[in-house]
Amino acid sequence: MAKVPVEFTLNGSEKAEFIESGTTLLHALRDKIGDTSPKGGCHQGTCGACSVIIDGELRLSCLTLAETCNGADIKTTAGLAKGGVLHPLQRAFLDAFATQCGFCTPGMMMAAKVLLDRTPNPSRDDVVEALSGNICRCTGYEPIIQAVLLTARANSQNAA
Amino acid sequence: MPLALQTFPTVKDANATLQAAGTRYLGGGTLVIRAANEGDVSTSSLVRVTDPGLSQIAVAGGKVRLGASVTMAAIASHPELAAIAPAARAVGGPAIRNMATVGGNLFAPAPYGDFAVALLALDATVVTEDGETPVETFLAVRDTSRAIVTAVGFSLPTAESFRFLKVSRVKPKGVSVLSIAALLEMAADGTVASVRIAMGCMADRPIRALAAEKGLLGRKLTPQGIAPALAAAAEGTAPITDPIASAWYRAEVLPVYLGRLLLN
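Top line first, the protein sequences correspond to chains W and C. No gaps in the numbering here: position 43 of the first sequence is 42 in numbering that gives the first Met the number 0, and each next residue is one more. No gaps in the numbering here: position 68 of the second sequence is 67 in numbering that gives the first Met the number 0, and each next residue is one more.
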């Protein structure tokens with residue numbers, strides 16, 4: 000199978016790889032580039048564990064071909080912490096006990112980040128809707144919802 | 000099995016390549032890549048088109064034209080498409096709605112394809128390089144259709160005339176038990192002057208509720224008025240059985256939800 004070049008920005012750094020045509024972005028990120036923060040859960044677009052942000056929009060990396068992302072700006076949960084300091088979302092997930100096994104957490108954080116980037120003060124319903132494509136089998140969702148609301152409150156207090 | 004992706008600037012170039020065996024068109028990937036991930040080896044080659052015209056939404060003079068690559072998220076957030084936004088919002092979660100396209104939805108097997116149910120109720124037209132086809136005809140022959148869908152067109156309904164309901168067990172979002180879309184025009188005396196009802200999951204693809212439509216004409220939207228339509232609702236249906244619900248269950252609850260949609 001012919002290899003094709005892909006180039007995109009991942010969490011602010013330029014990445015270039017030769018990949019097999021038809022490789023999913025999830026596979027390229029995890030096995031070629033070494034960013035294992037997006038998780039492969041169902042590979043069917045059902046669980047949301049592979050969620051990443053492409054050009055500001057939440058997408059499923061398991062259903063996206065890497066070669067369609069040429070020139071794109073891709074963000075993953077691996078890029079949230081800066082210089083060893085946790086992102087407010089990560090801090091809130093810890094404080095609200097929103098992570099148990101942790102498998103869904105990176106996808107939840109990406110979905111939450113897109114929401115908070117666009118809606119800094121979301122209602123509870125906004126949060127539920129934003130996380131509706133992400134499945135968690137541990138927490139019962141409530142701690143995750145609280146963590147996102149906590150982040151929004153902390154952000155608005157810092158801004159004030 | 001690896002997939003080879005070929006990218007073309009125009010639909011015309013891509014249509015020729017799509018004739019080859021084992022080749023499928025790649026839209027948002029939520030059906031095609033999903034099938035490949037599941038182990039479907041019948042597809043070895045994918046074709047996509049980057050023409051930006053395929054992602055355009057045009058609303059003018061009460062007519063809507065949605066490019067085939069327009070996503071559910073784009074419809075849901077478009078200020079002039081508020082009347083049909085509930086149908087787009089019913090599809091998947093936020094990530095799926097950013098990917099899933101109008102064109103792909105026409106090919107989605109039940110229990111998917113909620114937006115195509117809306118298009119069937121709206122009597123939409125499906126546009127390909129070969130011409131325009133009524134969506135009802137297109138859905139019937141979609142398995143053998145090889146020409147790339149470029150757009151769908153329909154008359155924009157008013158928010159009052161268009162109704163959409165999706166039933167799922169998982170809240171707020173889940174796979175359809177069934178979905179129903181209805182386009183209703185009322186006469187001055189409060190009776191139904193014209194009606195089109197489409198249903199999802201009541202066959203392997205969206206179908207019309209012809210018996211229910213007939214039963215509603217000239218009737219008022221009251222419990223007594225709609226009773227004959229509800230009694231006939233399951234006529235001609237062949238509901239799917241899947242892990243979400245059995246065919247029996249879907250047939251049993253269809254009149255209940257159709258009633259709620261009509262009386263709401």
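Keep in mind that the hints were calculated from the coordinates and are not lab data. In this text, a Cβ means the ideal position worked out from N, Cα and C, and glycines have one as well. Careful: at least some of the hints might be erroneous.
[What the hints assert, rightly or not] One-sided excerpt, in silico: chain W residues whose CB lies under 7 Å from chain C:
#1 8
#2 10
#3 12
#4 16
#5 19
#6 44
#7 57
#8 58
#9 59
#10 62
#11 63
#12 69
#13 127
#14 132
#15 157
Consistency of the hints with the structure:
The interface hint given for residue 8/W is broken, as the beta carbon of that residue sits about 18 Å from the closest beta carbon of chain C, more than 7 Å. A least Cβ separation of about 18 Å between residue 10/W and chain C goes past the 7 Å threshold, and the interface hint is therefore violated. Against a cut-off of 7 Å between C-beta atoms, the interface hint on residue 12/W is violated, since the closest Cβ of chain C lies about 23 Å away. The interface hint given for residue 16/W is violated, since its Cβ lies 15 Å from the closest Cβ of chain C, which is over the 7 Å cut-off.
Proximity of residue 19/W to chain C holds as hinted, the smallest CB-CB distance being about 5 Å (cut-off 7 Å). For residue 44/W, the interface hint holds, since its Cβ comes within 7 Å of a Cβ in chain C; the closest pair sits about 5 Å apart. Annotation: interface hint on residue 57/W holds; nearest CB of chain C at approximately 4 Å, less than 7 Å. Checking residue 58/W against chain C: minimum C-beta separation of about 6 Å stays under 7 Å; hint holds.
Satisfaction of the interface hint for residue 59/W is found here, the shortest Cβ-Cβ separation to chain C being roughly 5 Å, below the 7 Å cut-off. The restraint placing residue 62/W at the interface with chain C holds, with a minimum CB-CB distance near 4 Å, inside the 7 Å limit. Nearest Cβ of chain C to the Cβ of residue 63/W: about 6 Å, under the 7 Å cut. The hint holds. Because the closest C-beta pair between residue 69/W and chain C is about 10 Å apart, greater than 7 Å, the hint is violated.
For residue 127/W, the interface hint holds, the least distance from its beta-carbon to any beta-carbon of chain C being 6 Å, beneath 7 Å. For the restraint placing residue 132/W at the interface with chain C, the shortest Cβ-Cβ distance is roughly 2 Å, inside the 7 Å limit, so the hint holds. About 26 Å separates the beta-carbon of residue 157/W from the nearest beta-carbon of chain C, more than 7 Å, and the hint is not met.
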